[in-house]
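Asks: Given the structure of chain B, go ahead and fit chains V, E and P onto it with the hints provided.
Residue numbers (the numbering used here), protein chains in the order written: chain B, 375 to 863; chain V, 375 to 863; chain E, 375 to 863; chain P, 375 to 863.
Bear in mind the hints are in silico, worked out from the structure with no lab data behind them.
Check the hints yourself; a few may be wrong.
It does not matter which identical chain is used: a pair holds within one copy or between any two.
Unchecked claim - Within a straight-line C-alpha distance of at most 27 Å, the following computed DSSO-like cross-link-like pairs (lysine-lysine) qualify: (1) Lys825 <-> Lys573; (2) Lys772 <-> Lys589; (3) Lys589 <-> Lys391; (4) Lys496 <-> Lys427; (5) Lys427 <-> Lys773; (6) Lys713 <-> Lys589; (7) Lys825 <-> Lys688; (8) Lys776 <-> Lys688; (9) Lys776 <-> Lys713.
Please read these numbers as outputs of a predicted model, since none were measured by experiment.
There are 4 protein chains.
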Amino acid sequence: MSSLRGRGLSVWVLGEKVQEFADHPVITPSINAMAETYRLAETDPELATVHSKLTGSRVHRFAHVCESVEDVVAQSRMQRRLGQLTGTCFQRCVGMDAINAGYTTTFRIDSAHGTAYHDRFKEFIAHVQSYNLVVGGAMTDPKGDRSRGPSAQDDPDMFVRIVDRRDGGIVLRGAKTHQTGSLNAHWLVVMPGQRLSDKDAAYAVSAAVPVDDPKLTYVLGRQSCDTRSLEGDVDVGNARYGGQEVTIVFDDVWIPDSRVFMDGEYEFAADLVERFTAYHRRSYVCKAGVGDVLVGAAAEIAAMNGVDRASHVKDKLVESTFLNETIFGTGFAASMAAKPTPAGNYEPDTLLANVCKHHVTKLPYEIARLAQDLAGGLVATMPSDADFENDQVGPVLKKYLKAAPGVHPDDRRRILRLVENMTMGRNAVGYLAESMHGAGSPAAQRVVINKLAQFAEKRAFARRLAGCSACPQSPSSTWTSPPPPPPRN
Amino acid sequence: MSSLRGRGLSVWVLGEKVQEFADHPVITPSINAMAETYRLAETDPELATVHSKLTGSRVHRFAHVCESVEDVVAQSRMQRRLGQLTGTCFQRCVGMDAINAGYTTTFRIDSAHGTAYHDRFKEFIAHVQSYNLVVGGAMTDPKGDRSRGPSAQDDPDMFVRIVDRRDGGIVLRGAKTHQTGSLNAHWLVVMPGQRLSDKDAAYAVSAAVPVDDPKLTYVLGRQSCDTRSLEGDVDVGNARYGGQEVTIVFDDVWIPDSRVFMDGEYEFAADLVERFTAYHRRSYVCKAGVGDVLVGAAAEIAAMNGVDRASHVKDKLVESTFLNETIFGTGFAASMAAKPTPAGNYEPDTLLANVCKHHVTKLPYEIARLAQDLAGGLVATMPSDADFENDQVGPVLKKYLKAAPGVHPDDRRRILRLVENMTMGRNAVGYLAESMHGAGSPAAQRVVINKLAQFAEKRAFARRLAGCSACPQSPSSTWTSPPPPPPRN
Amino acid sequence: MSSLRGRGLSVWVLGEKVQEFADHPVITPSINAMAETYRLAETDPELATVHSKLTGSRVHRFAHVCESVEDVVAQSRMQRRLGQLTGTCFQRCVGMDAINAGYTTTFRIDSAHGTAYHDRFKEFIAHVQSYNLVVGGAMTDPKGDRSRGPSAQDDPDMFVRIVDRRDGGIVLRGAKTHQTGSLNAHWLVVMPGQRLSDKDAAYAVSAAVPVDDPKLTYVLGRQSCDTRSLEGDVDVGNARYGGQEVTIVFDDVWIPDSRVFMDGEYEFAADLVERFTAYHRRSYVCKAGVGDVLVGAAAEIAAMNGVDRASHVKDKLVESTFLNETIFGTGFAASMAAKPTPAGNYEPDTLLANVCKHHVTKLPYEIARLAQDLAGGLVATMPSDADFENDQVGPVLKKYLKAAPGVHPDDRRRILRLVENMTMGRNAVGYLAESMHGAGSPAAQRVVINKLAQFAEKRAFARRLAGCSACPQSPSSTWTSPPPPPPRN
Amino acid sequence: MSSLRGRGLSVWVLGEKVQEFADHPVITPSINAMAETYRLAETDPELATVHSKLTGSRVHRFAHVCESVEDVVAQSRMQRRLGQLTGTCFQRCVGMDAINAGYTTTFRIDSAHGTAYHDRFKEFIAHVQSYNLVVGGAMTDPKGDRSRGPSAQDDPDMFVRIVDRRDGGIVLRGAKTHQTGSLNAHWLVVMPGQRLSDKDAAYAVSAAVPVDDPKLTYVLGRQSCDTRSLEGDVDVGNARYGGQEVTIVFDDVWIPDSRVFMDGEYEFAADLVERFTAYHRRSYVCKAGVGDVLVGAAAEIAAMNGVDRASHVKDKLVESTFLNETIFGTGFAASMAAKPTPAGNYEPDTLLANVCKHHVTKLPYEIARLAQDLAGGLVATMPSDADFENDQVGPVLKKYLKAAPGVHPDDRRRILRLVENMTMGRNAVGYLAESMHGAGSPAAQRVVINKLAQFAEKRAFARRLAGCSACPQSPSSTWTSPPPPPPRN
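Chain B extracted, bound-state conformation:
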């Protein structure tokens, strides 16, 4: 990832400003995870690349705007695969989902206002595709006092906003939090994070900013067990791959108008957010891939412990699989039910996408619980790698770590640490906490499910069958779900 080096970013890690973040051992695993997205394009080009109408050539799927149902579905497949390969967050979905959502919203703004955002945005995407770049989507603001909107805060900087206009561009101030993998990106697409009112016009802004803009400051978020990466590989559990979350401070960042995709059209903020989450909540099928790893680790440690034939062990592995496939099935269904937007690109089914994400806020926690169950108490009481490798105490520790015949104690340690990593350690951030809050917390999905539940139609079904007065005999001609099959050419 040579393109990440030498950019002189202002990056803070554990209280220190680092010269070259890409070489920081706490950050390297996150780069490795993202790098797998590039590697997959080489090892499985059918899955990770696609022909783009925008550039007329084959591009990385993460940089692609969906042109068909198949494109939407292939994203789900690619995401599960990368979850399997990294066991963590590979950080490239936000940007993919941001360019897909922005593609439609810019089209709609232009239709309403006669602006020219859509062409600008297509140019930006073409640039990204041509150079095979990584885009980060910068949506979540610090929010300050949550009972008040952006323009009603005591401190107006609690949401990113336009503070100035000069030299054919705008100037942004504020911060974005929970920014996944931003250091590993080349561009950030700034977006508003919620519905805005007419008083919030200065906050209705979307624009592309180069990650190495000197007015940006990055502070790495702590993750559970983050400093184990400084110690060695075994105790990390998954030494090669990890996630990355940063806080980004925008200290009056200037952006030329040519990279601005929304500027004051506050009434389209909700449109952008809703389209983004339709894609992004379904993107959490990646957790089915990460779940494949954890279910595999649970199956492996059960076998190593010599108890894999116990009926309760088998049952817990079946349960884990059932839950994991529920994530996949609902996300896959959302993709399969994709429909074209006014702009011509394809968008997943919003209801099913929210059903998928809502499961993701619960089921990984249960799969993690079952994995800790199958791992046994050692997952939380095992001595350190340094103890095992110590000349004096190591040999006796290894003697007592022996379990089922043929299992090397070191392999057993490694699988135990992997379970720890995914259920309590560094990648528990990606598998659990991010599953909870990424793309919106559980309450956000319930709001959408409530909105799309078609209760009026359902009540009509019930009234008709109960024989209530004033009942339609053929209710619900407007029933929209189940979605129609994908259109064919």
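Replies: Positioned in the frame of chain B, the structure of chains V, E and P alone reads:
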């Protein structure tokens, strides 16, 4: 449904042999439910009919062998729709799934044995399509002592078997239980219900039998509150529609060889069962349609009670919707991931089909529980319709049944009875007990999930990330899920 | 139960006024269930009787005011036992809990207002004890438009109220719904059902009314499968025992002041309701006894089916037991943590009582689901008893109902019908719907749990451990839970 | 805790042998947690001390053998309290439960074999009481190949065993794993960990060993985020308190016969284990106290975020409380239902103790999930304390951490770190993984529940009500649950 009358079937209902079952008030609702499948073909031909290669003309979708992914998906959409329209089991899925499964298995038997079952079966299907007939699938045997297989039973009749061969045909004896809607069918397709061994060759039989064969006896199963249909309409809850389950006794039924589709090829019994359940476990998306009715009834009664703005009420409706869409989403995904079989027809994804059905064994019970919660105690304590309509006591009862302004007490009664009907009454059989056991009980799905979980691949993912010895760097080239996108022409 | 006969009550059943309700076959099972409470006093006097300070003699425990922690605990034990013996609601808890709650509230009203309710109430209880009578507690009003309180309704009768005062007494008008077992009682204790304001003074009334007051009209509530009691015994499932719910209309019932226990002291309405529910929500440990029956039925049918050694079967029985004991354990804990009231009697722990009842709104549904799972599909498809007993078709049905060796088909039928009875039939009302709504619906418990959760203390614990500013070093001297051990003499 | 210093233990921490473990910053928090048990004896002597018959004086409750139901109950209250005060495992329950269980088992062995273990054991306890010492219970062996028993292992040391007898004592070899707080103890009571056969006589050994025996080696287990204790206090989340788990190697430890409490009586190994777990599974009510902290942290962070009035937030706090009180209620019930043993001490109800522990393997995970939900994404993405305290980047980070008015950003950080600590960090070991495996993994509780479920009695209840043949009319005179009220003096 004139075609159901005058057939002289030997039908027992509540201890009496009935002359014309179609006129029996306990049975009529089940006929109405099935009749909706015909009505839908008129009101929404796009959904309920399809062009068939076998006959070259447009046929009912329930009689169709899937020729594409779209065909498989359209089944799911049609099933949900009919669930919405009937609020119960419309009894036509078993036959549909049986002809789809048999289509493939007969092809495979012929390939292995040089037999001619496939052409016979296609002829049978063409007949069914041409006359728009209803097929019942007769699979479940009484089973006797479940610790022993068919040929090891004390009484060899515990599974349907060939007891004789004469006049160019075979003679079947035994019984089939839990037969959904058989009285409303024109043909029964007999199938074995489980994996068989070489000792069970006489039990490895599949054949088509006309429902009005004089050697068949039918006994109607009781359903909760079945006799309310004899009383009037209000207290039934859903007076128009109901399900139907019968026990069928085969008292030496002769079948010509031309309608026999398996005869002794015991090693293909499991193939037939597994293919059938791949279709049928996903067919339970119909319960998402029935769930739409119950969620609608819950929303309606909450509004009638005047509490629909309470946050806990809204939350329970959202939860019900979330659960209901989980059924739909996983079943829909199974259909969307359909793949062609060796015979050229299309078959749903088996793993996702089992995930769907496994949810169906749980989630309707929770939706029913939430509906009882929202209904309030009246769902179980309300006086009878006869009391409400009585001149003396009726008026005061109606006075005290008033709730939110503008709600007619009679409508409120009807919705309450509908909730009772679906959670404790007659259609609780279809919505709950059948959801539990139809297409296989929960344990059966867990066996399949275990088989398809690809634990070896998952363990390899985990070993690679943990850095265990002897780990592949690119595991799981054989990983088969997520399924590839449907092939395009 | 001769004392129930010849009272000339005005009782409506299924649209007809019955002369002697006690002989009505739909009602008889509910009388049998209540009669078990008397029988238990003979067979296990230690459990069902107790020495009363009020009368100085041994009285029925259901008529007793708790004088110690042991008394409160013994109620729980008696309730579970009667659940085991009847498999349904035995209808005597409401009255028991009403006299215990009223004992305290009358004392408190007198303390505040100088009234004489407490002595009157003690006299009433002594009368009940002396004659070993059954008391029904009449609390729930029809409520009308639930967004408005009693005095704000369009129709002022939507809550029972005082409409007149004459002849040294008060006159009550209105109705009470969901009245459990009132026909089998001798006295009704009228109580308000919710917190009242000063405008609701006419509704703040508690008084004892004889069940055979001529101004009372009773209408029996329908229950699932209620009319099976008219058919015979097998298909009922539990032919001997059932519950009873009635609507009672108060058509200007005159009550002498000597039997009035609250008259306008609206500010004590909530006190009475809260004390009553503290007892009554914990009284639902009876469902652990009913659950013992259903878990037993599930274990029995699994054995009859010959699958009781399957690991998933054993696991489901363990799970059912675990859930059932959770109901018992939390209710038992509430009783064990009883504390004396200002009036000197003993009252259960309110928080734990609500935890118990809240489990009761969920866990019986899951136990019922598991029982249907273990029962197999026959629970919903088995022919009627009349079919099995029919000379023509019966023998072949019995042939095919054979299962594990040594199991009589008739016994198997009976157990299957018992499972139907408890999960979909008549006693599903008692085991499920009543578990949901009796003593308050789930939302009501959550209100109480919220109120008693001591969040301020919990937040102080957290702030102290996190090292927040302004934190007490020894927080929560006011922490009241876990309750202290019961005081000893 | 001066008594812990200067003992010259051989302790390994993170690969290094430490001179004075008590000063090691990773270990100090565990000492603080244990020290709270001493402090409580001073601040609340009623709760944490008790009069002992053995010594005739007031002793620490953790060193006490229960002489009454009140004693058993007071343990539960003390445990919850200490959970509230430390937010983690205070490590003193194992020893308490070991001396209570051993008290009975030694009595029973003596009765059977004429040995003198009981008096020895009482002397040992009196010593512990007199000097107010901490006892660790050493039960869990490495177990090696779990498909084989102790004497059938390839390496006979996989379970602690007697390898020699000399100088009036025995010599032990082997290891004990998952040893909670052993470094902070003065004595270890070695016990077998499972049912043994006659071939395992050498493994049937119980004895007291001083923690500072020179033949013992201790290796500290790693915990998630353990090294944050080396960094400072804020990011630890709970800087003062933590748990401690060690592996102990017995390298031929000599023990005089006077401290041996079982020596070859293999048939009593199960008795000791079962009695120990009856106490210890109920001792997990401590997690209700830890849960009080986490629920408090969730309530606090919700308030700090300014969203505490949202209905879903309140509902999640109610749900957390409901679950937390379920742990407490079932454990408290187990203690309340305590019964005397043959030795005269009091023992909790085994069934309810297992119900409690089984909930503990699940509910803390759900409470933790809800806490992460309420905490918001910052719980996993917040920069380090060093960043916040850095002169350059700290001020801007603090600016953007502001939330609800009046909340200091530093306090908000601390609460977020506490939630991280308890759900993913160091005390997630105590609150989650230890809840899963301590006192036996979930499968172990299910074995006990199955054994005590009284299925035969339950089946008799069902058969009687269903009217099956050969049914007792008054079943279950042997029904033992609900337990009788505690005996009174």
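Asks: Which hint numbers doesn't this structure obey?
Replies: Hint check: 5, 6, 9 fail, others pass.
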